[in-house]
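Can you build the whole structure from these sequences, using the hints too?
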Amino acid sequence: MKYIDHLKELRKRILLSFFVLIVSFCIFLYYASFVGEILSKPLFDLFDDSDKKRMIFTALPEVFVSNLKIALFSAFLTSFPFLISQVVLFIYPALYKKEKKIFIPTFFLIPVLFICGILFAYFFLIPIIWDFFLSFENFLQGSVPVELESKYSEYMKLTMYLLFASGLSFEFPILLFVLSKVGIVDYETLKTKRKYFFIGIIVFSAIFTPPDVISQIGIAIPLIIFYEFSILLIKLTKKNN
Numbered sequence: 025m026k027y028i029d030h031l032k033e034l035r036k037r038i039l040l041s042f043f044v045l046i047v048s049f050c051i052f053l054y055y056a057s058f059v060g061e062i063l064s065k066p067l068f069d070l071f072d073d074s075d076k077k078r079m080i081f082t083a084l085p086e087v088f089v090s091n092l093k094i095a096l097f098s099a100f101l102t103s104f105p106f107l108i109s110q111v112v113l114f115i116y117p118a119l120y121k122k123e124k125k126i127f128i129p130t131f132f133l134i135p136v137l138f139i140c141g142i143l144f145a146y147f148f149l150i151p152i153i154w155d156f157f158l159s160f161e162n163f164l165q166g167s168v169p170v171e172l173e174s175k176y177s178e179y180m181k182l183t184m185y186l187l188f189a190s191g192l193s194f195e196f197p198i199l200l201f202v203l204s205k206v207g208i209v210d211y212e213t214l215k216t217k218r219k220y221f222f223i224g225i226i227v228f229s230a231i232f233t234p235p236d237v238i239s240q241i242g243i244a245i246p247l248i249i250f251y252e253f254s255i256l257l258i259k260l261t262k263k264n265n
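In our numbering, the protein residues as written are 25 to 265.
No wet-lab data here; the hints were simulated from the structure. From a predicted model like this one, the values you see are computed outputs, not experimental measurements. Hints may contain errors.
No more than 30 Å apart at the CA atoms, straight line, and that leaves these computed lysine-lysine pairs for BS3-like [said to hold, decoys possible]:
| hint | residue 1 | residue 2 |
| --- | --- | --- |
| 1 | Lys205 | Lys121 |
| 2 | Lys122 | Lys36 |
| 3 | Lys259 | Lys217 |
Computed Cβ-Cβ distance ranges for the label pairs, DEER-style [as the list claims (entries may be wrong)]:
| hint | residue 1 | residue 2 | range |
| --- | --- | --- | --- |
| 4 | Val237 | Phe71 | 17 to 27 Å |
| 5 | Lys175 | Leu256 | 38 to 48 Å |
| 6 | Ala118 | Phe68 | 48 to 58 Å |
| 7 | Pro105 | Arg35 | 14 to 24 Å |
| 8 | Cys140 | Glu212 | 22 to 32 Å |
| 9 | Ser74 | Ile231 | 33 to 43 Å |
| 10 | Val227 | Lys175 | 20 to 30 Å |
| 11 | Pro151 | Ile128 | 35 to 45 Å |
| 12 | Leu256 | Gly207 | 15 to 25 Å |
| 13 | Glu86 | Lys125 | 44 to 54 Å |
| 14 | Ala118 | Phe71 | 47 to 57 Å |
| 15 | Lys181 | Ile51 | 18 to 28 Å |
| 16 | Arg37 | Pro129 | 16 to 26 Å |
Cβ atoms here follow ideal geometry from the backbone N, Cα and C, with glycine treated the same way.
Structural data, given as structure tokens:
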């Protein structure tokens, strides 16, 4: 295939991926309120009083803009596997047989692990973080009345932020595995420089999570587990090679 043909092929796949993203965005924009209810469930499940299961907004365009962000976030999640498939189909002819056995399954694991990270955050991490934050509602009870009035835009922004950070953290094994295969890192480096990688994990958790210990630990612990798993995986594949 000529160079210009490669560019045409790349252009076609980019346009196709963009089209899928736009269609998904339009669909989720129509159902934005339904997606908003799903994102609100981890918080509302912590309330016994049904009167507290509500949110407020303080600016006229706030809900509309937030729904746009929800639709874009949801569209990205649903079109992400399709985007990965287009990348795989584009680079597949250029790979050697040995490379296809290694990298093709790895590419298809990317959306799987990303979705697993989102599910981990939604069903486990976020309920723990929200419960921790809500505990401060009664912290000063009796001296200063404190009651939660959750703002719609801030809640949705924080929830999607945590979901994305968790999904991104679950890609850590893929990153280390690919880096090892291209020769940037190796088993010995990962083993002997473990403490420096752990510091990097802590920094990542501090940057991509809210400024509280619970959420930072909730992201850091899976990353450390993935790091150790990646070392073991790289060691096993090295022996097989």
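Hints and how they fare:
1. Lys205 - Lys121: Holds, at about 15 Å.
2. Lys122 - Lys36: With Cα atoms ~27 Å apart, Lys122 and Lys36 stay inside 30 Å; holds.
3. Lys259 - Lys217: holds (15 Å)
4. Val237 - Phe71: 17 to 27 Å: For Val237 and Phe71 the Cβ distance comes to about 24 Å; the hint holds.
5. Lys175 - Leu256: 38 to 48 Å: At 44 Å between Cβs, range holds.
6. Ala118 - Phe68: 48 to 58 Å: holds (49 Å)
7. Pro105 - Arg35: 14 to 24 Å: holds (21 Å)
8. Cys140 - Glu212: 22 to 32 Å: The hinted range 22 to 32 Å holds for Cys140 and Glu212, with Cβ atoms some 29 Å apart.
9. Ser74 - Ile231: 33 to 43 Å: Given a distance of about 37 Å, which is inside 33 to 43 Å, the answer is holds.
10. Val227 - Lys175: 20 to 30 Å: holds (29 Å)
11. Pro151 - Ile128: 35 to 45 Å: holds (36 Å)
12. Leu256 - Gly207: 15 to 25 Å: holds (19 Å)
13. Glu86 - Lys125: 44 to 54 Å: The hint (44 to 54 Å, Cβ to Cβ) holds, given that Glu86 and Lys125 are roughly 50 Å apart.
14. Ala118 - Phe71: 47 to 57 Å: 54 Å Cβ-Cβ, so the 47 to 57 Å window holds.
15. Lys181 - Ile51: 18 to 28 Å: Holds, at about 22 Å.
16. Arg37 - Pro129: 16 to 26 Å: holds (20 Å)
Comparing the model with each numbered hint stated earlier shows that all of them hold.
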